[in-house]
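Hey, can you work out the whole structure from these sequences and the hints?
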Amino acid sequence: LLYRYKTKSSGPVMPGSRKISLKLLWDEPDKSIRLPGANLTLMVDGAEVAGVRVGLGLAVLFDASETFDVGMDLGAPASVDYDGRSPFTYNGKIHNVNIKYITGYCKKTSVYI
Numbered sequence: 062l063l064y065r066y067k068t069k070s071s072g073p074v075m076p077g078s079r080k081i082s083l084k085l086l087w088d089e090p091d092k093s094i095r096l097p098g099a100n101l102t103l104m105v106d107g108a109e110v111a112g113v114r115v116g117l118g119l120a121v122l123f124d125a126s127e128t129f130d131v132g133m134d135l136g137a138p139a140s141v142d143y144d145g146r147s148p149f150t151y152n153g154k155i156h157n158v159n160i161k162y163i164t165g166y167c168k169k170t171s172v173y174i
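Position 102 (the sequence shown) corresponds to 163 in the working numbering; numbering is contiguous.
Hints were generated in silico from the structure; no laboratory data involved. Keep in mind the model is a prediction, meaning the values are calculated, not measured. Heads up, a few of these hints could be off.
Computed spacing ranges between beta-carbons, pair by pair [to be verified]: (1) 140 x 95: 18 to 28 Å; (2) 161 x 135: 38 to 48 Å; (3) 95 x 150: 35 to 45 Å; (4) 148 x 74: 19 to 29 Å; (5) 156 x 68: 17 to 27 Å; (6) 92 x 133: 33 to 43 Å.
Listed below are the simulated SDA-like cross-link pairs for lysine to any residue, each with C-alpha atoms no more than 20 Å apart in a straight line [claimed, not checked]: (7) 69 x 82; (8) 154 x 104; (9) 67 x 92.
Just so you know, even glycine gets a beta-carbon here, dropped at the ideal spot from N, CA and C.
Below, the structure written as structure tokens:
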């Protein structure tokens with residue numbers, strides 16, 4: 062099962078030290094829905110720059126070939142636009158990576174940002 066969703070900011074990330082955040086809020090649980098939806102928001106320095114409604118998601122299932130990579134992604138590209146361009150090396154400096162679990166749910170919407 063692979064569902065691809067795409068979003069894009071209106072401009073490039075400006076040079077210099079930046080805080081890039083991604084927030085994913087799942088829909089409220091509904092036993093009649095097998096694959097939950099979610100709202101995904103991309104932020105730069107705390108400002109929302111892009112977002113997308115994820116119609117079908119997998120909250121707890123991961124493919125054994127995919128991992129959470131930092132600095133270089135050796136797995137499948139996030140978009141077919143990048144097919145054949147792996148290993149997606151980042152040549153800048155990553156100062157830290159923080160992962161925070163957010164409690165709460167989003168309101169279901171058909172259009173997001």
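| query | Does the hinted range 38 to 48 Å hold for residue 161 and residue 135 at CB? | reply | At roughly 25 Å between Cβ atoms, residue 135 and residue 161 fall outside 38 to 48 Å, so the hint is violated.
| Hint check for residue 150 and residue 95 - Cβ pair distance inside 35 to 45 Å | 37 Å, holds
| Taking only the CA atoms, is the gap from residue 154 to residue 104 under or equal to 20 Å? | Holds: residue 154 and residue 104 sit about 19 Å apart, inside 20 Å.
| request: Please test the hint of 17 to 27 Å on the beta carbon pair from residue 156 and residue 68. | output: 25 Å, holds
| Pairwise beta carbon distance, residue 140 to residue 95, judged against the given window 18 to 28 Å | 25 Å, holds
| message | Next pair to validate is residue 69 with residue 82; report whether the Cα-Cα distance is within 20 Å. | response | 14 Å, holds
| request: Take a look at whether the Cβ-Cβ distance between residue 92 and residue 133 falls inside 33 to 43 Å. | output: Hint holds: Cβ distance 39 Å, inside 33 to 43 Å.
| request: For the pair supplied as a hint, residue 67 and residue 92, confirm whether the alpha-carbon distance does not exceed 20 Å. | output: 27 Å, violated
| Verdict for residue 148, residue 74 (Cβ pair) under range 19 to 29 Å | 21 Å, holds
Violated hints, listed in ascending order, are 2, 9; each of the other numbered hints is respected by the structure.
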